[in-house]
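**Q** Produce the complete structure using the sequences and hints provided.
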Amino acid sequence: MNEGISAAMRGRRFASMLAKEARQIVRDPSTFLIAFLLPVILLFLMGYGVNLDAAHTRIGLSLQDDSAAARSLAGAYQRSRYFDVRATGSLAELEHRLVGGDIRAIVVIPQDFGRQVARGGGTIQIVTDGALPNTASFAAAYAEGERATWAASQARDSGRALRPPIQVSARFWFNPELASRNFLVPGAIAVVMTMIGSLLTALVVAREWERGTMEALMATPIGMGEFLLSKVIPYFLLGLVSMTLCALLAVTVFAVPFRGSVFALFAISSVYLVPALGQGLLISAALKNQFVASQVALLTAFLPTMLLSGFVFEISSMPRVIQALTYIVPARYLIPQLQTVFIAGDDWRLFLPNMGVLLAFGVVLFALCVHATKRRIA
Amino acid sequence: MIGPRLRAIIVKELLAVLRDPRARLILVAPPLIQFFLFSFASTMEVNNIRVGVLDLDGGRWSREVVERLAGSPSVREIVPLRSDTELRQAIDRQKVIVALRFDPGFSANVSARRAAVIGAVYDGRRSNAAQIVSGYVERIVGETGATALARAPPALPGAVVNHWFNPNLNHIWFVMPALIAVIGAVSALAVVAQSVARERELGTFDQLMVSPLRTHEILLGKMVPPVLVGLLNATLFLVLTPLVFAVPLTGSVPLFYLALLFYLLSLTGIGMLISTISATQQQAFLGMFAIIVPMIILSGYAGPIDNMPGWLQVVTWFNPPAWFLVVSEGTFLKAMPADQVLANTWPIVLIAIATTAAASALFRSRME
Numbered sequence: 001m002n003e004g005i006s007a008a009m010r011g012r013r014f015a016s017m018l019a020k021e022a023r024q025i026v027r028d029p030s031t032f033l034i035a036f037l038l039p040v041i042l043l044f045l046m047g048y049g050v051n052l053d054a055a056h057t058r059i060g061l062s063l064q065d066d067s068a069a070a071r072s073l074a075g076a077y078q079r080s081r082y083f084d085v086r087a088t089g090s091l092a093e094l095e096h097r098l099v100g101g102d103i104r105a106i107v108v109i110p111q112d113f114g115r116q117v118a119r120g121g122g123t124i125q126i127v128t129d130g131a132l133p134n135t136a137s138f139a140a141a142y143a144e145g146e147r148a149t150w151a152a153s154q155a156r157d158s159g160r161a162l163r164p165p166i167q168v169s170a171r172f173w174f175n176p177e178l179a180s181r182n183f184l185v186p187g188a189i190a191v192v193m194t195m196i197g198s199l200l201t202a203l204v205v206a207r208e209w210e211r212g213t214m215e216a217l218m219a220t221p222i223g224m225g226e227f228l229l230s231k232v233i234p235y236f237l238l239g240l241v242s243m244t245l246c247a248l249l250a251v252t253v254f255a256v257p258f259r260g261s262v263f264a265l266f267a268i269s270s271v272y273l274v275p276a277l278g279q280g281l282l283i284s285a286a287l288k289n290q291f292v293a294s295q296v297a298l299l300t301a302f303l304p305t306m307l308l309s310g311f312v313f314e315i316s317s318m319p320r321v322i323q324a325l326t327y328i329v330p331a332r333y334l335i336p337q338l339q340t341v342f343i344a345g346d347d348w349r350l351f352l353p354n355m356g357v358l359l360a361f362g363v364v365l366f367a368l369c370v371h372a373t374k375r376r377i378a
Numbered sequence: 001m002i003g004p005r006l007r008a009i010i011v012k013e014l015l016a017v018l019r020d021p022r023a024r025l026i027l028v029a030p031p032l033i034q035f036f037l038f039s040f041a042s043t044m045e046v047n048n049i050r051v052g053v054l055d056l057d058g059g060r061w062s063r064e065v066v067e068r069l070a071g072s073p074s075v076r077e078i079v080p081l082r083s084d085t086e087l088r089q090a091i092d093r094q095k096v097i098v099a100l101r102f103d104p105g106f107s108a109n110v111s112a113r114r115a116a117v118i119g120a121v122y123d124g125r126r127s128n129a130a131q132i133v134s135g136y137v138e139r140i141v142g143e144t145g146a147t148a149l150a151r152a153p154p155a156l157p158g159a160v161v162n163h164w165f166n167p168n169l170n171h172i173w174f175v176m177p178a179l180i181a182v183i184g185a186v187s188a189l190a191v192v193a194q195s196v197a198r199e200r201e202l203g204t205f206d207q208l209m210v211s212p213l214r215t216h217e218i219l220l221g222k223m224v225p226p227v228l229v230g231l232l233n234a235t236l237f238l239v240l241t242p243l244v245f246a247v248p249l250t251g252s253v254p255l256f257y258l259a260l261l262f263y264l265l266s267l268t269g270i271g272m273l274i275s276t277i278s279a280t281q282q283q284a285f286l287g288m289f290a291i292i293v294p295m296i297i298l299s300g301y302a303g304p305i306d307n308m309p310g311w312l313q314v315v316t317w318f319n320p321p322a323w324f325l326v327v328s329e330g331t332f333l334k335a336m337p338a339d340q341v342l343a344n345t346w347p348i349v350l351i352a353i354a355t356t357a358a359a360s361a362l363f364r365s366r367m368e
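Those protein sequences? They're chains A and B, same order as listed. Once you know that position 66 of the first sequence is 66 in the working numbering, the rest is easy, because the numbers rise by one and skip nothing. Once you know that position 81 of the second sequence is 81 in the working numbering, the rest is easy, because the numbers rise by one and skip nothing.
No lab work stands behind these hints, which were simulated from the structure alone. A hint or two may mislead.
DEER-style ranges, computed between Cβ atoms [unchecked claim]:
(1) A:VAL262 - B:VAL314: 58 to 68 angstroms
(2) A:SER169 - B:ALA70: 14 to 24 angstroms
(3) B:ILE353 - A:SER16: 32 to 42 angstroms
(4) B:LEU32 - A:ARG320: 57 to 67 angstroms
(5) B:ARG88 - A:ARG320: 47 to 57 angstroms
(6) A:VAL321 - B:LEU240: 15 to 25 angstroms
(7) B:GLY310 - A:ALA19: 33 to 43 angstroms
(8) B:TRP346 - A:ALA87: 15 to 25 angstroms
(9) A:ALA7 - B:ASP20: 25 to 35 angstroms
(10) B:TYR257 - A:ARG86: 24 to 34 angstroms
Footprint (simulated), chain B over chain A, 3 or more residues, beta carbon under 8 angstroms [as the list claims (entries may be wrong)]:
(11) 26-38
(12) 134-147
(13) 367-373
Just so you have them, the derived chain A footprint on chain B, three or more residues with Cβ under 8 angstroms [as the list claims (entries may be wrong)]:
(14) 22-34
(15) 204-216
(16) 273-284
(17) 287-296
The beta carbon of each residue, even a glycine, is placed where N, CA and C say it ideally should be.
**A** Here you go:
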């Protein structure tokens with residue numbers, strides 16, 4: 001009989017703890033900022049702002065020859081959909097604008113170009129702004145491609161067509177239009193869940209430690225498990241709500257395909273939130289200071305999710321030491337799952353092993369958390 | 001020039017920042033860790049590529065293509081595939097980023113000068129890497145094809161490419177100068193955003209208000225530590241970047257510091273605004289975070305500003321890191337002349353004046 005009463009009481013106690021935490025979340029405008037406003041901003045910036053695909057590059061054109069061939073090639077650049085010919089004129093003037101960042105490349109059609117073409121040659125010069133290597137390599141490749149297309153059409157007109165002996169027919173699965181937003185936006189969802197799981201939790205709980213309300217809670221008869229759960233569940237739900245918001249925006253506003261199932265998306269996200277929350281709690285329990293906890297959360301949760309998860313940068317291209325480091329970044333196991341569930345569809349043989357690793361991380365982090373909290377009390 | 005009261009408040013603010021040993025560590029350690037982590041992790045090159053090969057031909061030319069691929073320094077491993085099912089699985093599970101399929105009779109077609117086509121399937125989930133890899137594949141196949149022709153193709157007009165300021169397009173040469181702008185922003189904002197909110201949370205703000213200090217003295221005192229922390233971190237990077245990563249430092253260092261000073265002042269103004277609005281440290285930190293993420297994304301570091309839609313490019317005009325990034329890249333790589341450094345500095349000055357004025361107006365109204 002006693003046990004029955006205590007179970008009922010425990011249930012009530014737990015419910016009131018949850019209600020307290022939930023109220024704390026709802027009351028603070030900064031929680032709203034981080035859980036709803038920032039995800040939306042982030043998604044919009046990722047969707048519109050970060051475009052790694054080749055676009056309309058501003059170039060300068062230095063036309064030093066007056067032949068028909070030179071003018072025809074210059075026209076090809078002016079009509080190109082990859083370039084915006086911003087300036088023409090002397091090379092010295094264009095060079096100054098390249099230093100200022102006004103234009104990103106200069107195409108030089110040299111004197112004598114017409115005569116060289118007539119003799120079966122004709123070399124142009126392409127100067128790029130190497131300070132932006134990504135743009136520079138795209139600009140060089142497309143400027144060269146524009147010239148090659150022009151040369152091929154000239155050759156066709158004069159009946160000297162040339163077909164390469166081996167051709168590659170390339171197909172890009174899952175993302176035939178090669179839109180970088182299709183992988184950036186699911187990645188942004190991983191960042192958002194990390195922010196809520198680790199960053200927000202670390203701050204909120206560190207604050208309780210800092211102000212001493214944690215000790216007050218600890219003095220009540222609630223158990224460690226109950227206590228940790230009451231801290232975790234509200235942020236877990238907040239994380240899922242924020243993820244749902246992001247996913248809806250991704251699909252409706254950014255037209256990112258969603259080929260998997262809603263169940264899989266929620267399963268993947270829920271599993272990821274376990275280590276994320278564990279990390280947030282551990283940071284706060286171990287450091288107890290808001291400023292330090294916030295900086296450590298930034299350094300150990302947010303930055304690795306941005307840099308070491310394969311979200312923006314290819315893991316396989318990193319040096320071996322850094323690659324080894326990525327194995328302890330939970331988001332590394334989330335990104336392929338998110339990209340797959342959005343772009344490719346459900347593939348449980350890819351999901352389950354990754355989920356297993358994430359849950360194992362979660363168990364370890366929560367065990368450390370219990371340990372750190374106990375030590376604090378002692 | 002500096003009165004005793006002002007000196008006292010500056011010392012007090014410095015002590016507030018530097019007193020806690022863990023906080024001291026947090027001011028310098030993370031920037032250093034980021035210095036090494038960012039530099040090595042943020043590579044846009046694609047190396048260690050795994051290529052799947054389904055060779056139904058097994059003839060001379062398919063083996064020639066595969067051998068050339070295997071010999072490429074960017075390729076780490078050739079994964080032999082036995083069937084179309086295996087090919088699909090290898091791509092689905094991200095075992096390989098590209099799978100090549102040679103039809104039976106491929107070599108015969110090459111030798112007979114009939115159309116010989118290699119089927120290439122890329123993992124479009126990683127679209128940026130896939131595009132780069134497809135460039136590698138096309139080049140190697142093109143080279144193999146050229147040797148298959150008995151005689152050299154007739155000379156067509158060519159192009160000579162020169163990458164200025166960074167001849168080998170070393171990505172790290174771009175990353176490190178950009179990182180000074182990013183780390184400077186993060187470390188300065190982290191310090192200043194906490195300052196007012198922290199005093200308010202601890203209750204010491206009231207003590208400040210009843211002290212004989214003037215408002216502008218309190219404000220100045222609060223702005224000095226973040227600027228010093230930012231200057232310290234930026235100097236550390238300025239010295240380490242050429243030493244560790246051999247990035248050339250070609251421009252004028254005094255002009256760089258001039259721009260840096262105003263850059264840090266503009267950030268401090270933004271941080272003071274956040275701090276004054278916030279009631280708690282938590283709000284201040286989250287507010288700072290909410291502002292710094294868009295600032296970095298819109299700085300040109302994450303993706304080129306040129307590629308943003310026009311209205312978003314206009315937004316970047318109000319973003320201090322976007323201007324300072326140009327100065328930093330210019331000072332390191334381009335030996336940027338003074339007129340262009342200044343052309344990118346005066347917008348920062350305007351932002352600094354506007355944010356500091358707004359912060360002090362808000363601060364005054366909060367004090368009364």
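**Q** Is 25 to 35 angstroms a correct range for the gap between the Cβ atoms of ALA7 (chain A) and ASP20 (chain B)?
**A** Hint violated: Cβ distance 44 angstroms, outside 25 to 35 angstroms.
**Q** Are there at least three residues in the region 134-147 of chain A whose beta carbon sits under 8 angstroms from a beta carbon of chain B?
**A** holds (count 9)
**Q** Taking 8 angstroms as the C-beta cutoff, is the stated coverage of the region 204-216 of chain B by chain A satisfied by three or more residues?
**A** Answer violated; 0 residues pass the 8 angstroms Cβ test.
**Q** Taking the CB of LEU32 (chain B) and the CB of ARG320 (chain A), does the distance hold inside 57 to 67 angstroms?
**A** Because 21 angstroms falls outside the window, the suggested range is violated.
**Q** Would you say the C-beta atoms of VAL262 (chain A) and VAL314 (chain B) sit inside 58 to 68 angstroms of each other?
**A** 38 angstroms, violated
**Q** Is it true that the C-beta distance of ARG88 (chain B) to ARG320 (chain A) lies inside 47 to 57 angstroms, as the hint says?
**A** Given range 47 to 57 angstroms: violated, Cβ gap about 30 angstroms.
**Q** Taking 8 angstroms as the C-beta cutoff, is the stated coverage of the region 22-34 of chain B by chain A satisfied by three or more residues?
**A** Result for this restraint: holds, n = 6.
**Q** Taking 8 angstroms as the Cβ threshold, is the statement that the region 367-373 of chain A is covered by chain B upheld or broken by the three-residue rule?
**A** As far as the region 367-373 of chain A goes, the hint is violated, because 0 residues have Cβ atoms under 8 angstroms from chain B.
**Q** Do TYR257 (chain B) and ARG86 (chain A) keep their Cβ atoms within the hinted range of 24 to 34 angstroms?
**A** 32 angstroms, holds
**Q** Taking the Cβ atom of TRP346 (chain B) and the Cβ atom of ALA87 (chain A), is their distance within the range 15 to 25 angstroms?
**A** 23 angstroms, holds
**Q** Verify the CB-CB distance for VAL321 (chain A) and LEU240 (chain B) against the hinted window 15 to 25 angstroms.
**A** 18 angstroms, holds
**Q** At least three residues with a C-beta closer than 8 angstroms to a C-beta of chain B: is that true for the region 26-38 of chain A?
**A** holds (count 8)
In the structure shown, a violation is registered for the earlier hints numbered 1, 3, 4, 5, 7, 9, 13, 15, in ascending order.
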